[in-house]
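Asks: Spelled out from the first residue to the last, the chains are:
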Amino acid sequence: MSISHAPPPNEIADIGGTSPSTAPPQPLPAPLLEPLPSTSTTRHRARVPRWLRRLSGPLLLLLAWQLASASGVLTADVLASPGTIARVGRDLIADGSLTSAMGVSLQRVALGVLLGAVVGTVLALLSGLFRAGEDLVDASVQMLRTVPFVGLIPLFIIWFGIGEAPKVAIITLGVTFPLYLNVYAGIRGVDAQLIEAGQSLGLSRWGLVRHVVLPGALPGAMTGLRFSLGVAWLALVFAEQVNADSGIGFLMVQARDFLRTDVIVVCLIVYAFLGLFADFVVRTLERLLLQWRPTFTGQ
Amino acid sequence: MATDVHRAVSPDRAGQEEPAAVRVQGLSRTFDGRRVVDGLELTVRSGEFVALLGRSGCGKSTLLKILTGLDREIEGAVLVPRRKATAFQAPRLMPWKKVWRNVLLGLPGKPERAVAERALAEVGLDHRVDAWPKTLSGGEAQRASLARALVREPDLLLLDEPFGALDALTRIKAQRLVGELWQQRGCAVLLVTHDVEEAVLLADRVLVMDDGVIAHETEIDLPRPRDIADPGFAELRTHLLDHLGVEAPTPAPAPAHAHASASASA
Ligand SMILES: Nc1ncnc2c1ncn2[C@@H]1O[C@H](COP(=O)(O)OP(=O)(O)O)[C@@H](O)[C@H]1O
Ligand SMILES: [Mg+2]
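Protein chains in written order, with the UniProt record's numbering: chain A, 1 to 299; chain B, 1 to 266.
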């Protein structure tokens, strides 16, 4: 019925023929419509769990490696095959040398991260919250930050001897700076409008810090923690290859002397898994502590 | 009927002290040598609803910030009640606190959740008590911000363009809500707005700020609830727009002509 009301287009063209603006538009061809798939019903994605999908990449890599070893492209003195490595790993666990080395290494990292986190956070709070603290702390930290911390190992050995202390100190140092930088930036990045709102609500100075500044700095702190843990493993590897008589690094140095690529790879895998575990811990923390954040979570 | 009172702007009309919620004398605020507020005088009676109009950048927010106590770099005397609350143009909810915790933030002692629930029910948000701020719509967030201000039981409520970012429908609802809450609470309200209609709809008195002072004031004594269609309403709006430097389109008998001239000048 709407068709009968519409005047035929050419009739209008006849009336206003002199003016181009009154010419009827060419009727557009009807657009092609396409259905938008709903993500909740894309079945093949929903059925395979996420962790399994994430595992497929590494598994393919492993398969390629095994094939290369089996076909003789990759010889054992360059890199042992995954099968050999699995066997060696089992043996190392069975005789207890791997687990005890892991315990020692974990302890070093935990202690170093703890100390570094405390030092980094305290310094960041000092310079983030107080002008005087900033003047006092920030310039020195920024200066020290540019020194590659690994270069300090010889100095630390002279200062702390060859026991646990220099190793923990190196990790502490490595952890401190990324944490400091990110917590400091987080504090200084807190939205000034929210600070004003807090003040207008009658929050005290400490109330502002507790309810506005620190929660606002938490995303930065989490980023810092993640960086720190990455650096911590790196620092551990360096620290343990110098003058160590225990730990995963020591195991690796020993294996190098006997050309045991299989043991070296086992140790590397252990490092990787420890790193993954640390990342998992941070991710879990982030999920719990930052669930208020309106962020893009990926598709 | 509407009555315009064009009187000399003075804080004390009869000389006697009536109970006031705001008393400002000779207030000045300078930014980089530029006097944004320049010898401003202002009195708001207790329980009075005052709307503050003015072109953008004339210093309305600056004045409100001073009254809130956020800006202390001032000259002059400012008297405000101890119990005051502010709602800003953006809701400024702490994103890391659930809505009800936002409402209770800064209250003395350890207030119970029920206190927040009551305040949120007052603004019609009782169903979002446990929500994260990121999940609120613009109107809901603004109402939560209003609840956060009201839960302090203020003697003076300062509102800085609280409806500016809302869509037209939500804004009408929010304006009504503020009018009703004011009538229930009886607190003084200073509403900064750029919307002349909003000012005439809600306020007892409308001030126009210009050149760092209150340049003009108009009493609105239309009966409440007010109706935009009221001829007195239109008259007041035209009058205020005039003072804001906006030429109102003359209600000419031939509206088609008025439209044509307007589009020609555009
Ligand atoms: N912190 C500041 N520093 C410098 N100038 C400012 C500051 N805050 C406001 N101003 C200036 O003061 C004037 C009034 O601003 P404001 O009170 O926000 O205006 P509005 O009436 O639109 O709310 C503007 O010209 C603005 O640029
Ligand atoms: Mg403003």
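I should point out that these hints are in silico values taken from the structure, not numbers from a laboratory. Don't take each hint at face value.
Covered stretches of chain A (in silico footprint by chain B; criterion: 3 or more residues with CB under 8 Å from a CB of chain B, positions within the stretch not fixed) [to be verified]: (1) 195–204; (2) 208–219.
Which stretches of chain B does chain A cover? Using the computed rule of at least three CB atoms under 8 Å from a CB of chain A, they are [unchecked claim]: (3) 30–37; (4) 66–72; (5) 78–90; (6) 222–231.
Partial chain B-side listing against chain A, Cβ under 10 Å, derived [to be verified]: (7) Ser56; (8) Arg152; (9) Leu158.
The C-beta atom is built at its ideal place from N, Cα and C for all residues, glycine as well.
Asks: Against the earlier hints, flag every one the structure doesn't satisfy and list their numbers going up.
Replies: 3, 6 and 7
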